[in-house]
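Trainee: Take the sequences, apply the hints, and build the full model.
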Amino acid sequence: MCFGGVVPQEGISPVTAHLRRRAGAIALAGVLGVSSLALATPAASAQDTPPSSAKQLDKQDRELVAEAERAGKPTVTLVVAAERGRTDQAVQELQSLGGKVETAAKDVDYIKVEVPRDKAEKAAKLGAVRSVDVDGLIKRDEPKPEGSSPALPQKPPGKDTPRVNPYMPTGDTGAAQFAQQVPQWDGRGTTVAILDSGIDLDTAALAKTSTGERKIVDWYDANDPVESGDGTWVAMSKTRYTGRFTAGGRTWTAPATGGPYTIATLAETAGDLRGGELAGDLDRDGDKTDSFGILQDVTTKEVRVDVDGDGDFTNNTRMIDYRFKQDVGHFGTVPFVVQTDKSNYSGGATAYVNIGIAGAAHGTHVSGIVAGNSLFGGKMAGAAPGAKLMAVKVCLTSSSCTNSGLIDGLLYAARNGADAINISIGGLPALNDGNNARADLYNRTIAEFNVQLFISAGNSGAGMNTVGDPSVATDAIIKPTDP
Numbered sequence: 046m047c048f049g050g051v052v053p054q055e056g057i058s059p060v061t062a063h064l065r066r067r068a069g070a071i072a073l074a075g076v077l078g079v080s081s082l083a084l085a086t087p088a089a090s091a092q093d094t095p096p097s098s099a100k101q102l103d104k105q106d107r108e109l110v111a112e113a114e115r116a117g118k119p120t121v122t123l124v125v126a127a128e129r130g131r132t133d134q135a136v137q138e139l140q141s142l143g144g145k146v147e148t149a150a151k152d153v154d155y156i157k158v159e160v161p162r163d164k165a166e167k168a169a170k171l172g173a174v175r176s177v178d179v180d181g182l183i184k185r186d187e188p189k190p191e192g193s194s195p196a197l198p199q200k201p202p203g204k205d206t207p208r209v210n211p212y213m214p215t216g217d218t219g220a221a222q223f224a225q226q227v228p229q230w231d232g233r234g235t236t237v238a239i240l241d242s243g244i245d246l247d248t249a250a251l252a253k254t255s256t257g258e259r260k261i262v263d264w265y266d267a268n269d270p271v272e273s274g275d276g277t278w279v280a281m282s283k284t285r286y287t288g289r290f291t292a293g294g295r296t297w298t299a300p301a302t303g304g305p306y307t308i309a310t311l312a313e314t315a316g317d318l319r320g321g322e323l324a325g326d327l328d329r330d331g332d333k334t335d336s337f338g339i340l341q342d343v344t345t346k347e348v349r350v351d352v353d354g355d356g357d358f359t360n361n362t363r364m365i366d367y368r369f370k371q372d373v374g375h376f377g378t379v380p381f382v383v384q385t386d387k388s389n390y391s392g393g394a395t396a397y398v399n400i401g402i403a404g405a406a407h408g409t410h411v412s413g414i415v416a417g418n419s420l421f422g423g424k425m426a427g428a429a430p431g432a433k434l435m436a437v438k439v440c441l442t443s444s445s446c447t448n449s450g451l452i453d454g455l456l457y458a459a460r461n462g463a464d465a466i467n468i469s470i471g472g473l474p475a476l477n478d479g480n481n482a483r484a485d486l487y488n489r490t491i492a493e494f495n496v497q498l499f500i501s502a503g504n505s506g507a508g509m510n511t512v513g514d515p516s517v518a519t520d521a522i523i524k525p526t527d528p
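Residues 46 to 528 (our numbering) make up the sequence shown, in order.
Incorrect hints may appear among the rest.
[What the hints assert, rightly or not] Only pairs whose alpha carbons sit at most 16 angstroms apart, straight line, appear in this in silico EDC-like list of lysine to aspartate or glutamate:
{"hint": "1", "residue 1": "K151", "residue 2": "E166"}
{"hint": "2", "residue 1": "K167", "residue 2": "D247"}
{"hint": "3", "residue 1": "K184", "residue 2": "E108"}
{"hint": "4", "residue 1": "K164", "residue 2": "D217"}
{"hint": "5", "residue 1": "K170", "residue 2": "E138"}
Hints were generated in silico from the structure; no laboratory data involved.
Mentor: Next comes the structure, spelled out in structure tokens:
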């Protein structure tokens with residue numbers, strides 16, 4: 046018998062194992078050691094349904110609808126929190142407005158739906174709908190050294206840097222001292238999901254836990270393949286091939302056996318890759334002109350990536366999703382994984398493959414603070430060096446993250462074994478009262494999956510009304526700043 050995805054040890058009852066898992070998560074909260082926390086409260090009872098006249102899109106959502114109109118887009122995507130237990134009714138009401146439902150999750154009454162642009166306001170007023178957000182980008186706050194003096198030269202950290210040091214906030218919060226006093230309570234036995242820009246799989250301090258286990262156990266891109274602007278998604282061809290064939294104006298060689306196969310290409314400058322931190326040079330060879338072939342076996346979903354650019358897939362390694370076999374490839378020095386959960390070939394649907402790249406450094410930086418182990422080969426470490434990590438990409442390679450990705454990624458992590466979820470993302474919108482679909486769904490996820498969220502309060506302030514969204518979810522633990 047298994048509780049929460051953890052198999053009890055021999056001689057330990059399932060209930061005891063579950064309590065130990067919760068104790069581990071609580072200990073992890075202590076190890077993360079964030080000061081000035083707003084602690085989670087017990088799950089609240091269902092709120093009274095507001096009257097339709099009181100339900101509407103907020104200013105930011107109306108601006109997103111207007112932006113879609115200026116861009117000539119006939120539809121917008123909505124993130125919907127249905128009234129509790131009324132997902133089916135909400136789906137029917139949204140469909141009556143011409144909505145095309147992409148996701149309907151009854152466990153938290155979450156719906157993602159594409160509706161005609163001029164019906165978005167009506168969707169917010171539907172009887173079975175509690176709250177609505179228009180999907181769009183959330184800018185990730187970048188700290189600005191306003192009013193600071195030029196920094197004096199400092200000795201950089203290295204192998205001899207001690208556990209408590211001035212380079213990591215773990216000494217200020219007491220996490221480093223706690224781990225020294227109780228070394229077995231360093232996060233081991235727990236898994237933390239990092240919702241961010243992805244994690245660089247070649248980072249040495251994120252390779253192993255303090256007990257020698259693999260640290261990164263999953264890598265998942267939660268951004269929408271079509272609407273998010275995430276250039277790491279590719280749409281596979283409708284035509285199927287084997288052996289030698291021509292597609293996209295060039296000749297390719299697929300294996301003569303297996304398959305059939307579909308093909309796509311990933312350009313270095315696709316979508317957000319052009320303007321992100323990689324600046325359109327995916328393989329770091331000094332130019333922005335490369336395009337890489339992607340081949341997928343329709344039957345097994347295995348993927349081959351033409352990293353050497355010779356058009357011959359037979360000399361490329363077969364890869365499957367990282368969580369299954371920990372397959373990792375490289376564009377030059379840049380590591381990548383593949384993701385095939387949206388490779389749906391039934392009924393003539395368009396199949397998508399993701400090439401998972403941590404195109405921005407923020408997620409790796411945050412992961413090091415949370416759970417880095419033996420930085421520079423010494424004693425320096427993050428707050429919980431014994432914890433394992435799930436990399437859940439919800440941001441682009443620029444400084445923006447996607448609204449729906451922040452929800453889909455959260456649910457993916459909660460459903461796939463995360464004990465705690467870290468979201469070091471936050472901005473200061475016009476209205477930050479937590480009265481939105483994302484906050485509703487975050488609170489429901491905490492209650493439904495018994496998982497805890499640690500969310501940054503953003504980099505605005507200090508001052509009144511400077512707490513950023515999404516940390517305004519009432520049941521989350523709030524960190525005072527965004528790393």
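Trainee: All hints are to be evaluated individually against the structure, with a verdict given for each.
Mentor: Hints, one by one, checked against the model:
A threshold of 16 angstroms between alpha carbons decides the hint, and for K151 with E166 the separation of about 23 angstroms lies outside it, so the pair is violated. At most 16 angstroms may separate the alpha-carbon atoms for a hinted pair to count; K167 and D247 exceed this at roughly 48 angstroms. Pair hint K184 plus E108 holds up; C-alpha atoms about 15 angstroms apart against a cutoff of 16 angstroms. Proposed proximity of K164 and D217 is contradicted: the alpha carbons are some 50 angstroms apart, above 16 angstroms.
This hinted pair checks out: K170 and E138 have alpha carbons roughly 10 angstroms apart, not beyond 16 angstroms.
Hints 1, 2, 4, counting from the list given before, are not met by this structure.
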